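Trainee: Sequence:
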Amino acid sequence: MKFTLSWLKTHLETDADLATITKKLTDLGLEVEGVEDKAETLKPFVVGYVVEAVQHPNADRLRVCKVDAGNGIVQVVCGAPNARTGMKGVFAPVGTHVPGTGLDLKAGKIRGEESNGMLCSARELGLGQDHDGIIELPDDAPVGQSFVEYRGLHDPVIEIKITPDRADCLGVFGVARDLASAGLGKLKPIAETHIPGTFKSPIQWSIDESAKAGVLYTAGRYFKGVKNGPSPQWLQDRLTSIGLRPISALVDITNFVTFDLCRPLHVFDADKVKGHVMMRSAKAGETIEALDGKTYTLEPGMIVIADTQGPEAIGGIMGGLVSGCSETTTNVFLEAALFDPINTAKTGRKLGIQSDARYRNERGLDPQSEIWGIDVATRLILELCGGEVSELTTAGTIPAGTREIAFRPSRVLALGGVEVPVAKQKQILIDLGFKVAETGADTWSVTTPTFRADVEGEADVVEEVMRVHGFDHIPATSLPQLTALPVVAVTLGQKRVQQAKRLLAVRGLNETVTFSFMPGNVAAMFAGTHALVPLANPISADLDVMRPSILGNLLMAAARNASRGFADLGLFEIGPTYLGEGPKDQILAATGIRVGTTPRHWQVKQRPLDAFDAKADAVALLSAFGVPVENLQIEALAPSHYHPGQSAVLRLGPTILAQFGALHPKVLKDLDVKGPAVGFEVFLERLPQPRSKGTGRPLLNASSFQPVERDFAFIVDATVAAEKLVKAAKGADKALITEVKLFDVFQGGSLPEGKKSVALSVVLQPREKTLTDAEIEAVSAKIVAAVNKATGGELRK
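Per the working numbering, the very first residue in the sequence shown carries number 1; after that it's consecutive.
Quick caveat, the hints were computed from the structure, so don't treat them as lab data. All figures in this text were calculated on a predicted structure; none of them were measured in a lab. A couple of the hints might just be wrong.
Stated by the list, open to error - 30 Å max Cα-Cα, derived DSSO-like pairs, lysine-lysine:
#1 Lys-789 to Lys-727
#2 Lys-161 to Lys-9
#3 Lys-212 to Lys-283
#4 Lys-789 to Lys-756
#5 Lys-188 to Lys-2
#6 Lys-66 to Lys-109
#7 Lys-727 to Lys-741
#8 Lys-741 to Lys-674
#9 Lys-734 to Lys-769
#10 Lys-674 to Lys-615
#11 Lys-272 to Lys-224
#12 Lys-9 to Lys-435
#13 Lys-350 to Lys-161
#14 Lys-727 to Lys-797
#15 Lys-741 to Lys-724
#16 Lys-615 to Lys-741
#17 Lys-186 to Lys-424
Claimed, not checked - With beta-carbon atoms standing in for the labels, derived distance ranges:
#18 Pro-421 to Gln-498: 49 to 59 Å
#19 Glu-458 to Gln-689: 18 to 28 Å
#20 Ala-541 to Gly-86: 47 to 57 Å
#21 Pro-164 to Gly-626: 18 to 28 Å
#22 Gly-645 to Glu-289: 51 to 61 Å
From the three backbone atoms N, C-alpha and C, an ideal C-beta is built for every residue, glycine too.
Starting from the given sequences, assemble the full structure and let the hints guide the process.
Mentor: The following block contains the structure:
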């Protein structure tokens, strides 16, 4: 919300300076985000007189101007079409910072002609969007005078941040009312003189049954014989000071009332309206070309203002181009309505329209503004555009808009921590527009004003008193000393998340934090057989579904990094994934990817990443949480976004704890990820609970006897998984065999077709005595027999 200091003082009679006003605004909860002082910004600019303007000898669209800026004649090369001999404009000397361009002027040559300064347009000065030509000043403008002095730009622009509950301060009058209640001046009341109409309006209002939930009340007046030209300078200055572009007197009036009094209005060219106007629900498939030049397709439930030819405006949001006012408009219909805030917000979000009218209507307007808002606009139209005005035409009923709240003054101390005198509490509430009636020794009946729909209970009234009295009056009080610190309530799941983050970071992966949503076409790659979970109100059109896997977000992040020169990288994120809308369909997953090749190292040859790198990450994570990795089953059942021949899942019984592998080439191509990429997903909430408190590590049972290591090579079918051989060998003698490792796989050569050789290293650890050769041979025989039984493997000769 922006306004100038002079604009504020049209409603607030005060001698307070700018610093005092801005501090008090922040104290009142209307946080000042910035103050722009154009007097300082435009200080170097002066009124210049073009003594001579001739055609540039080397450029068709440039003119060489001799400019008198009050201290001598300087030459300026100007490209404005309206630069001519005898005109007066705004001159910027060399060294001036031009706010509209962000550049500092330097002396130089343009197409061979010297240029020592600049004649400026409104946009270059930051005073509007007009850039078709340079500013033309009247003939009586004093040459050499400061442009700030000449135009009276000693008017700082204040920008404040409005919280959603303070819709009443979306007008300058509301801001002035808050400052007056804080003792910073006297509020000037709105002139509410009603101007009677001289004829019955040819256009009448009605509210259709389909719109009664979305429109409470609407009013309008018909004006005939108006002249719609440029608005006066004071009105244009008001609008341009806050970044609005003056259009015409009729449109400027509605914009002015919107920002001045928080009363959105709309004017229709009455000659373009066919028949009477009605508030109704839109029909399916109806379209409207709005004033922003875009065509919107409407849905049932959206409120439109329609005549016999169709929608003329989107209720509470934006008018239509078909009935917009222009310079030729002579008959006007003025509209003011009270729309349902929720319906307005839903419509605006669905259509993607951000407008000043929507911003105010969806936060709730003062119901009484329907009455005085029309009157204020009527006076301005008659004053600036002339014409005659009709009687008021209305439909619906204005709601009361007030609440009676039982309030105890003693609650200010109880809830606010500050003793505020009762008389001062009462005066604060009255100054804010509340009505106060004493009903007992410590009980009041407080009636809220119609413009404060956010005040609903006693605590809200306390907040209003404290806000105006000053939150800085609340004393700083130390918390009582605790005899014992409370136990930190951290769940096992929360601990595991932190442990997983540390472990994955140690393994060289960088943590990321991405949105829980993603584009629907990307989500479809990772959803498998699960249905996508769409968003009813996405923050962006391309983030329209919840993510079924974090892999998609990580791969998109990898593609962005690659485009910036970081091709080989590892990323991880721990967060929820969404496989449906049910309570058990949200799964917490530790997800990571590695892209490219292994790091360069002088001892190790660099190679492309493969599925076993992803497996190592997943297994390391599972091992850290005490999962018996040696008991896990590995099966090639990974989802379709993994490479079908280079991926698997890790199961403990029927429960899938993790899945890993190389990512599918089509997924990588669609997401523009170059090179090999592998990933893993560990489902933290599926991990088994520890059997007892503590770390879960078994006691150390070291043996004083030397271990024995034996190697075995088995010939098995090529389709047999090596895991089966490892498990069979380890189960041959659980007391002696402590470790089994796969160290070689060989195919071809002298081996039969369809066969492979799998070599295992087995470690025997005696506990009671040194093993004899006979005992070692006996265990070896058990190993060979166990492998043969489980896989049909024969010991390689």
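Trainee: Would you mind marking each hint as holding or not holding in the structure?
Mentor: Hints, verified against the model:
Simply put, Lys-789 and Lys-727 have alpha-carbon atoms about 12 Å apart, close enough for the 30 Å limit, and the pair holds. For the given pair, Lys-161 sits about 19 Å from Lys-9 by alpha-carbon distance, which is consistent with the 30 Å threshold. At most 30 Å may separate the alpha-carbon atoms for a hinted pair to count; Lys-212 and Lys-283 meet this at roughly 15 Å. Distance restraint check for Lys-789 and Lys-756: the Cα-Cα separation of roughly 17 Å lies within the 30 Å cut-off, and the hinted pair is therefore satisfied.
Taking the CA atoms of Lys-188 and Lys-2, the gap is near 20 Å; set against the 30 Å cutoff, the hint holds. The hinted pair formed by Lys-66 and Lys-109 meets the criterion: a straight-line CA distance of about 15 Å does not exceed 30 Å. For the suggested pair Lys-727 and Lys-741, the alpha carbons sit about 10 Å apart, so the restraint of at most 30 Å is met. With a C-alpha separation of about 34 Å, the suggested pair Lys-741 and Lys-674 falls outside the 30 Å cut-off, and the hint is violated.
Proximity of Lys-734 to Lys-769 is assessed by CA-CA distance (about 17 Å); at most 30 Å being required, the pair is judged to hold. This hinted pair checks out: Lys-674 and Lys-615 have alpha carbons roughly 21 Å apart, not beyond 30 Å. Between the alpha carbons of Lys-272 and Lys-224 the distance comes to roughly 13 Å, so the proposed pair stays at or under 30 Å and holds. Our distance criterion of 30 Å between C-alpha atoms is met by Lys-9 and Lys-435, whose separation comes to about 26 Å.
Only pairs whose Cα atoms come within 30 Å are accepted, and Lys-350 paired with Lys-161 is accepted, the gap being roughly 25 Å. Proposed proximity of Lys-727 and Lys-797 is supported: the alpha carbons are some 22 Å apart, at most 30 Å. Note on Lys-741 and Lys-724: the hinted pairing holds, with a Cα-Cα distance of about 12 Å set against a maximum of 30 Å. As the CA atoms of Lys-615 and Lys-741 are separated by approximately 16 Å, the hinted pair is consistent with the 30 Å bound.
Taken as a hint, the Lys-186 and Lys-424 pair is honoured in the structure, with Cα atoms around 17 Å apart against an allowance of 30 Å. Between Pro-421 and Gln-498 the C-beta distance comes to about 52 Å, which sits within the given range of 49 to 59 Å. At roughly 47 Å, the beta carbons of Glu-458 and Gln-689 sit outside the given window of 18 to 28 Å. Checked against the given bound of 47 to 57 Å, the beta carbons of Ala-541 and Gly-86, roughly 54 Å apart, stay inside it.
Between Pro-164 and Gly-626 the beta carbons are some 48 Å apart, a value that contradicts the proposed interval 18 to 28 Å. At roughly 55 Å, the beta carbons of Gly-645 and Glu-289 sit within the given window of 51 to 61 Å.
Consistency note: the structure conflicts with the earlier hints numbered 8, 19 and 21.
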